[in-house]
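Student: Now for the letters of each chain:
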Amino acid sequence: DAKTTQPTSMDCAEGRAANLPCNHSTISGNEYVYWYRQIHSQGPQYIIHGLKNNETNEMASLIITEDRKSSTLILPHATLRDTAVYYCIVRVVPGSARQLTFGSGTQLTVLP
Amino acid sequence: GAVVSQHPSRVICKSGTSVKIECRSLDFQATTMFWYRQFPKQSLMLMATSNEGSKATYEQGVEKDKFLINHASLTLSTLTVTSAHPEDSSFYICSASAGAATNEKLFFGSGTQLSVL
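Here the protein sequences come in this chain order: A and B. Residue numbers for the first sequence follow this note's numbering, beginning at 91 and rising by one. Residue numbers for the second sequence follow this note's numbering, beginning at 159 and rising by one.
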């Protein structure tokens, strides 16, 4: 699976949009971009995933560049409960049950 | 969404004892389960992959005789830390997949904080 690069940490004001970038310049055509987050002392939580089109769900939006070498996770109205480590992961699916390989992630701190 | 239940959430044990952690998929059949370990301020590291009815596959550096994995049913996998030592203290997390055709998302348990005294 392709490697990803994320900033170590980011701050965001409560109520504002949080934009979390991720670089995955070596992504292959059959690899999806996944975002998970981990709130302190909990298991990771699925947020969103996509292949090449932008995606939106009740939690967030995922914007993938046309060349697919980078993406941005957008939390439209960040709350204090969104403070967590956010992981951007690229992964081949489907075809086989494969694990998620976690990098260092971005520590997002939402400030009151 | 699919739910993965992991128990216990926290366990404290004496050095030399064994600890069993359970991971259950509550509303789907998990053909594959993954076990991760996370040390403080570090990311999740895959320990092993277990497929229902077969032996687990361990990542390099993970002792299979120390970390016993059983995946006897499609809804339950267990991780037993045998003869635990203080260096085994960590956050253990399981993850479940419904299978190759539907594994677009992996779902995670809430984790088990193991403290070995």
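No lab work stands behind these hints, which were simulated from the structure alone. There may be inaccurate statements among the hints.
Using C-beta positions, here's what the derived DEER-type ranges look like [said to hold, decoys possible]: (1) A/His130 x B/Lys178: 38 to 48 Å; (2) A/Asn109 x B/Ser201: 18 to 28 Å; (3) B/Gln218 x A/Ser99: 44 to 54 Å; (4) B/Gln218 x A/Glu104: 19 to 29 Å.
Dumping the calculated DSS-like pairs for lysine-lysine here, alpha-carbon to alpha-carbon at most 27 Å [stated by the list, open to error]: (5) B/Lys224 x A/Lys142; (6) A/Lys93 x A/Lys142; (7) B/Lys178 x A/Lys93; (8) B/Lys213 x B/Lys199.
The beta carbon of each residue, even a glycine, is placed where N, CA and C say it ideally should be.
Student: None of the hints should be skipped; say for each whether it holds.
Tutor: Status of each hint after checking the structure:
1. A/His130 x B/Lys178: 38 to 48 Å: The hinted range 38 to 48 Å is violated for A/His130 and B/Lys178, with Cβ atoms some 25 Å apart.
2. A/Asn109 x B/Ser201: 18 to 28 Å: holds, 22 Å
3. B/Gln218 x A/Ser99: 44 to 54 Å: violated, 30 Å
4. B/Gln218 x A/Glu104: 19 to 29 Å: violated, 43 Å
5. B/Lys224 x A/Lys142: violated, 42 Å
6. A/Lys93 x A/Lys142: holds, 17 Å
7. B/Lys178 x A/Lys93: violated, 33 Å
8. B/Lys213 x B/Lys199: Not OK: B/Lys213 and B/Lys199 at ~31 Å, beyond 27 Å, violated.
Hint check: violations occur at hints 1, 3, 4, 5, 7 and 8; the rest are consistent with the structure.
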